[in-house]
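Trainee: Chains as they are written, first to last, in this note's numbering: chain R, 895 to 1188; chain G, 895 to 1188; chain L, 13 to 389; chain C, 13 to 389.
You can trust all of the hints, since none of them are fake.
Derived EDC-like pairs: lysine to aspartate or glutamate, alpha-carbon spacing no greater than 16 angstroms straight-line: (1) R:K1150 / R:E1161; (2) G:K1122 / G:E1161; (3) R:K1150 / C:E141; (4) R:K1122 / R:E1094; (5) L:K169 / R:E953; (6) G:K1150 / G:E1114; (7) C:K375 / R:E1061; (8) L:K375 / G:E1061; (9) C:K375 / R:D1176; (10) L:K34 / L:E107; (11) G:K1091 / G:E900; (12) C:K375 / R:E1173; (13) R:K1150 / C:D145; (14) C:K169 / G:D949; (15) G:K1150 / G:D1111; (16) L:K249 / L:D294; (17) L:K375 / G:D1176; (18) C:K169 / C:D182; (19) R:K1166 / R:D1176; (20) L:K70 / L:E139; (21) C:K249 / C:D295; (22) L:K375 / L:E279; (23) G:K1150 / L:E141; (24) C:K330 / C:D295; (25) C:K169 / G:E953; (26) L:K169 / R:D949; (27) C:K298 / C:E248; (28) R:K904 / R:E944; (29) G:K1150 / L:D145; (30) C:K15 / C:D223; (31) L:K375 / G:E1173.
Reference listing, derived: stretches of chain R covered by chain C, where coverage requires no fewer than 3 residues with Cβ under 8 angstroms from a Cβ of chain C: (32) 1024-1037; (33) 1094-1108; (34) 1167-1173.
From the derived model, a few chain G residues whose C-beta atoms are all more than 10 angstroms from chain R: (35) R923; (36) A982; (37) K1060; (38) G1162; (39) K1166.
Please keep in mind that the hints were generated in silico from the structure rather than gathered at the bench.
C-beta atoms are modelled at their ideal positions from N, C-alpha and C, and glycine is treated no differently.
Spelled out, the chains give:
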Amino acid sequence: MSVLVEATTKVVVQGITGHQGTVHTRQMRAFGTAVVAGVTPGKGGTTVEETPVFDSVREAVEKTGANASCIFVPAPFAKDALLESVDAGIPLAVIVTEHIPFHDMLVMYHYARSRGARIIGPNCPGIAAPGKAKVGIIPNVVFRPGRVGVISRSGTLTYEIVNGIKEHGLGQSTCIGLGGDPVVGTSFVDALPLFEKDPETDLLVLVGEIGGTAEEDAAEYIRHHFTKPVVAYIAGRSAPPGKRMGHAGAIISRGKGTAETKLAALEGAGAKVARFPYEIPDLVAEIARGQARR
Amino acid sequence: MSVLVEATTKVVVQGITGHQGTVHTRQMRAFGTAVVAGVTPGKGGTTVEETPVFDSVREAVEKTGANASCIFVPAPFAKDALLESVDAGIPLAVIVTEHIPFHDMLVMYHYARSRGARIIGPNCPGIAAPGKAKVGIIPNVVFRPGRVGVISRSGTLTYEIVNGIKEHGLGQSTCIGLGGDPVVGTSFVDALPLFEKDPETDLLVLVGEIGGTAEEDAAEYIRHHFTKPVVAYIAGRSAPPGKRMGHAGAIISRGKGTAETKLAALEGAGAKVARFPYEIPDLVAEIARGQARR
Amino acid sequence: MVKLAEWRGKEIFQKYGIPLPKGHVARSAEEAESLVRHGTVPLPCVIKAQVLAGGRGKGGAVKFAATPEEVRAAATSILGLEFKGERVKELLLEEKLALSQELYVSLTLDRSSRLPVLIASGRGGVEIESVDDHEIDRQPIHPFPGLTGYQKRRAAKVLGLSGGRAKSLDRLLDALWKLFNSEDAELVEINPLAVVGDGLVALDAKVIIEDDAAFRHPEYADIRDDRTPLEEIAREKEIAFVQLDGNIGVIANGAGLTMATLDVLSEFGGRPGVFLDLGGTDDPKKVTEAFLLMAQARPSAVFLNIFGGVTRCDTVAKGLVEAMRQVPASERFPLVARIRGNNEAEGVEILRAAGITSIPQLKESAQAVVAAAGGRP
Amino acid sequence: MVKLAEWRGKEIFQKYGIPLPKGHVARSAEEAESLVRHGTVPLPCVIKAQVLAGGRGKGGAVKFAATPEEVRAAATSILGLEFKGERVKELLLEEKLALSQELYVSLTLDRSSRLPVLIASGRGGVEIESVDDHEIDRQPIHPFPGLTGYQKRRAAKVLGLSGGRAKSLDRLLDALWKLFNSEDAELVEINPLAVVGDGLVALDAKVIIEDDAAFRHPEYADIRDDRTPLEEIAREKEIAFVQLDGNIGVIANGAGLTMATLDVLSEFGGRPGVFLDLGGTDDPKKVTEAFLLMAQARPSAVFLNIFGGVTRCDTVAKGLVEAMRQVPASERFPLVARIRGNNEAEGVEILRAAGITSIPQLKESAQAVVAAAGGRP
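All chains should be modelled from the sequences, with the hints used to inform the complete structure.
Mentor: If you want it as structure tokens, here you go:
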């Protein structure tokens, strides 16, 4: 058992006939994922990367039993694509598309949730469980099966860190790139319980960024509910204060949102804090050695 | 354990300062119900029937721990009242108000559901578990504690039937008047599982009406999932064909909706069918005797 | 429910940008002729009786005309009709379009799922009830996200539309969805929806507005269903009142109890003719008014069957006694009363003091009223 | 994000029926004077610099005037200002209202709950960040039912409004909620919201529109944030490009990796000055354009730090080599490259053939670029 995806996960790629859709269908298949269907309205009946293409998700589900969706359709149509996936009964949608208006995501998130479906993303690299399945775009080369879980708000930085873990001779259980948009389908707090109960994860790497309060929320959760060791890294420690969102935004994240508040919260919750990405593998290895000794 | 309400249920009455709100607060209290609060915007700080009145449901919940709401506010404001109750975290709302536009109810129903709250009604007499609590307006005089469950789409006809059961020397476990509006918060199908798992209910009386497909849906559920004996009555057997809702409505309920289809479905599912209200107590008594013998 | 005549439905369609044929209403043959002479409605045109019932085409209530003289003749013949019990007072004249296909779309409520449903069929132009189930597509629409792109694409596929026609459908369905919600409609139906060239045109319009939403739609307040005068008075007094064939008047409270009463009366050979549902009133004056209304319907006998909840038995008894005092001797009727429930003892006592006996059991009281009305037993 | 100047925000407010003072924009002192002389703006009036930064009142960018001459003088003095780095080019002249109270309301997004939040405070007219937490009320608004009556009642209570003022707030909040959604706003803020007589008037308007929603708001396409010319070019080419103080140029892909790179460079004493995020491009031409843009910023050294995913290493290498060929000798810069991930071997080989060594470890490569830029180590 891994987190969210299994070897049995059957993926439908929405927007499969686009460049990214096609490229990553190939990559997912190379990873060993069962990509069973693609959807592009009007292109039903064709084939992409040996994958049958349907006009609608409903048909794809009826014909192939797809139970996870990977969405590449352009931002203006992403909301529709997600709603179609949810209404077709698919319980998991990874949205790779970037630049989706957050007002659209508000509807997508709350609707999916009310229907019992989970969104990962948008603007995210997706999920991968080495040796099982990948739904998304994380490069295959960074993975190696193992017992380190990774959750991250970043894209390429996740690849960097996951790769670092591999190069250190360790491997990953499941890696989830959550995306860093204002409204995400799954936040650290939503993902943590999944790793907590995953028997294949021994310890967790959490990769955050400045802005928002997701890391502070995560720290709160870790303090009270998460029993596995955590290694945390927050990118942007030295970033100059960004352009502010306006006063009201500051009111919401009052006294939160900086690298300092995030790092303090995570350290306070018992996480080991890495100051730079390349420190993560050492910290992970140290904990793993300690676990092996017990 | 009864269905939906317990002796520990704490009721807030929304619209308590209106005539009906006040009258039925008194009646609920006389039934033994813990009516802990009332809400009428602008009337906070006053008292009605020894019940403290608050400006908002949130305050009522904070101060009194209310966990069920009984809504009497006029139709144009009922949607707002329900949303307020749901947002205040109240898991059960009985809406007595009639004439709520179904477009409002669509929002109320789906929103409540997405937030894990249950609506009974609208335009309904509510719930009563004799000896425990009543949330709604069913006359106290018709009840006597016992082991017969009652679910009904009707109002006064429910009183008639519940009273008939009492006059026959039997008593009720829980009685729910679901209301007969186009969009109801809880239908037969939603209520049946509650009675199925209620250890205090030995058999169930189901009171339906012509129109819609709720009884046919119930029959389908009973056939497959309901193990207790059911006595069913459908009002309107001799009613002349009503003004039709238009063609599309007929398309939805194709071949359903008449007394004949409903009675046939219920009989087919194993229910004992009463032809008139006054036949119900005899059928119930007969089953109860059979159960006692076993 | 407020059923709108075709021309009113089309006025609303226009407001939401749903494409329509060029047309105009006429209330006389002269007006009809003048509309085409002045070019307000182009020729050839179709002349349609503005009645609420379906099946107008077969019933001679729809005619075509190519000249002003033909328009006048057609208008004259249709205006004289009584169509399924409704006298034709208004006509809709519309240009006759060269259509290549007739489709069907509607939005209504599915009570089971508590979701609006988009219904589409390629077999338009006939009563949808006569269309085979497998030729009708139903899609539930969740009110939160509303009508989505994929649902509109599916509808286009079902209707066999592509290109400009699919785009036209996309816009039309958005408009229909908006109308359904903003106007508090129970039903919006376009049958037929005509394919004309590269676009779509709504040839008919059926719109039913929900009564309960009347408080936010004063614009429909002047539209009346066809009611009897007494029904109209009852409506103004907010008393549910229905007149049918039959000679027994029934005053009850609640639709379920009213229907059950009807079932029992029928069982014993009674012919209930007037139903008056007191609903949840707690005002003796309203009860009196209801009885006076009932008296005007001249029933052979009246059955009062009340189970007191919100409506208390003593309130009803008081109202009844007052009404009996007011009813003129010529309008008196035999009365059987059955009052049960809240404040039953008080109510029974009030009736007894006025010389009226309340029979507690439904069966016995029903039998008594059937006998009083002159039927068996 | 598109921050709208006050007068633009108020144009939108007007569209949604939010009550405003009588006012008009002026772009010169003459125009300002003429506006009051012609009565377009009544006297006395307030003259406000149209800059995006807050704290205008304290900064001399807001003045009052009672005569046309005073208006001209005030306009002249404000138009000359450079306010927090922004030159004042536009003024908003508005009637001065007799207000009895200054309130605060706004709508924005709470990322944690994924819900819009209605923020209200009785302490308006000052920067909301300076107001105590317990004087600020936050209510989450669910997008499905939208803003509800009970939430508006709570806001009125928090703001101490009743009667006509509460009714005015009710309408204003409905308008604000509609605006927030229909205009794809990140933030709508009214501070101060003035109590004037029995009603409310928005004295200021802060509206920020979300960039990602630009595709459905062509009306905002002409509004530019204050960007440097290079930033503007980058925006047109859809390359994320930020200029700050510092001498090291950083080209990376992805915001997280860019920030992490910055953290590491800073650790070793580097001063990164230009950030260029390639994002998820897979087009060598775009990489070349990015490098040419970077060259124009004249960095002391450039650090290319790419982890290939969607962006493949060989694509980046090709684009880089092409760029190096095009950069004029005068604009050449020392380059440290680190390319990892998808097609790493191919990319490294392409660079090697062009004489560029990719340093695989982040730490070592960062140290190398700091050294190349003239810093330690």
